[in-house]
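So the protein lines, in turn, are chains A, B and C. Quick note, the first sequence lines up with residues 16 to 144 if you use the working numbering. Quick note, the second sequence lines up with residues 16 to 144 if you use the working numbering. Quick note, the third sequence lines up with residues 16 to 144 if you use the working numbering.
Keep in mind the hints are simulated off the structure, nothing from the lab. Where is the CB? At the ideal position from N, CA and C, for every residue including glycine. A portion of the hints provided could be inaccurate.
Claimed, not checked - With a Cα cut of at most 20 Å, we get these calculated SDA-like pairs of lysine to any residue:
| no. | chain 1 | residue 1 | chain 2 | residue 2 |
| --- | --- | --- | --- | --- |
| 1 | A | Lys112 | A | Thr29 |
| 2 | A | Lys103 | C | Lys103 |
| 3 | C | Lys103 | B | Asp41 |
Said to hold, decoys possible - Residues of chain C placed beyond 12 Å of chain B at every Cβ, according to the derived structure:
| no. | residue |
| --- | --- |
| 4 | Asn48 |
| 5 | Pro69 |
| 6 | Gly75 |
| 7 | Ala77 |
| 8 | Val87 |
| 9 | Ala100 |
| 10 | Ser123 |
| 11 | Glu138 |
| 12 | Ala142 |
| 13 | Asp144 |
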Amino acid sequence: MPLVRIDISKEASTALVRVIGEAVYDAMTALANVPLNDRFQIVTRHERDELVFPVEGYLGNAYSAEIVFIQVIWVRGRSTEVKKAFYKSIADAIVEKGSMRRQDIFISLVESGREDWSFGNGEMQYAPD
Amino acid sequence: MPLVRIDISKEASTALVRVIGEAVYDAMTALANVPLNDRFQIVTRHERDELVFPVEGYLGNAYSAEIVFIQVIWVRGRSTEVKKAFYKSIADAIVEKGSMRRQDIFISLVESGREDWSFGNGEMQYAPD
Amino acid sequence: MPLVRIDISKEASTALVRVIGEAVYDAMTALANVPLNDRFQIVTRHERDELVFPVEGYLGNAYSAEIVFIQVIWVRGRSTEVKKAFYKSIADAIVEKGSMRRQDIFISLVESGREDWSFGNGEMQYAPD
Chain A
16 MPLVRIDISK
26 EASTALVRVI
36 GEAVYDAMTA
46 LANVPLNDRF
56 QIVTRHERDE
66 LVFPVEGYLG
76 NAYSAEIVFI
86 QVIWVRGRST
96 EVKKAFYKSI
106 ADAIVEKGSM
116 RRQDIFISLV
126 ESGREDWSFG
136 NGEMQYAPD
Chain B
16 MPLVRIDISK
26 EASTALVRVI
36 GEAVYDAMTA
46 LANVPLNDRF
56 QIVTRHERDE
66 LVFPVEGYLG
76 NAYSAEIVFI
86 QVIWVRGRST
96 EVKKAFYKSI
106 ADAIVEKGSM
116 RRQDIFISLV
126 ESGREDWSFG
136 NGEMQYAPD
Chain C
16 MPLVRIDISK
26 EASTALVRVI
36 GEAVYDAMTA
46 LANVPLNDRF
56 QIVTRHERDE
66 LVFPVEGYLG
76 NAYSAEIVFI
86 QVIWVRGRST
96 EVKKAFYKSI
106 ADAIVEKGSM
116 RRQDIFISLV
126 ESGREDWSFG
136 NGEMQYAPD
């Protein structure tokens, strides 16, 4: 069910983008009760001036042009502890496998309901709450 | 009020993209109480490796590189029955008029409030609840 | 915390896009209790047929190909009055500094929780409610 938007520089390598997508999927299935094969991701690449971040940093984080914005839309109900572990797992995997700066990994979650998804075929696959 | 994001391959024809946009708009106005002319849609086209789906399929659906992701942001309050009919209507119209694979139509809904919209002019046009 | 998506024509000038981004950031910090330097924005540029609006207009607004879609994802809790002032401030600044048509400024808000954000480093920086 999660729909993931990954917005990143045009200069990022294909290998890094793949690492990011895998990190998000792996964290979802390992930690956040997302079913296997529930992997739907939209990557959009941007010119340098199209990804805007504060050059002064924010909350102690400093950002570079290699920033990646990860937006996850998924069904509500994950706990704060799960979300904390989810953020950490994504950053750990991207830094380890993609050699990215840890501070450049921005994640935003948006929640919806079980009835807010059609995975194809014009059907509502999930039973509503 | 709905804002619709349509993410699709760069190889999709202009005619197909138009069919998809019309299918979403028609389903909204016919079934989901969306006013006439409330049609705001953002199309983003992607390289093949930028639209990620499970090659193993999910919930019995199999996907191809022709997958389209339709995200609808609209005011909360539509019933489960309306959403079911909405999904079916969109898929029916796209398959009939666009010759697309029915399983490649992915839809995700996100809800907001009546006060969360400005349709131009710097104003909040809808009275809040 | 806010994540802002700005979708606009490929023909819009870099200067105008900068004005729009600054208008949104300035309105957030001045009116909506957003902290200084909390500025994260994603710009996506589109071909003419990728930004769809009703040629008949909607709610008395008429649109042109220079339409800009501004989507703001932020933490819930802003009042209706704040949102009204937010819309007006953005439109005022863009019209004044960017010479844009006031009716072409479309704004959509989406709300999430305090725990739904990681500003980098794999951490949940905001304490949950």
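**Message:** Let me make sure I understand: some of the numbered hints might not hold for this structure. Which ones are they, in numerical order?
**Reply:** 2, 3, 5, 6, 7, 8, 9 and 10
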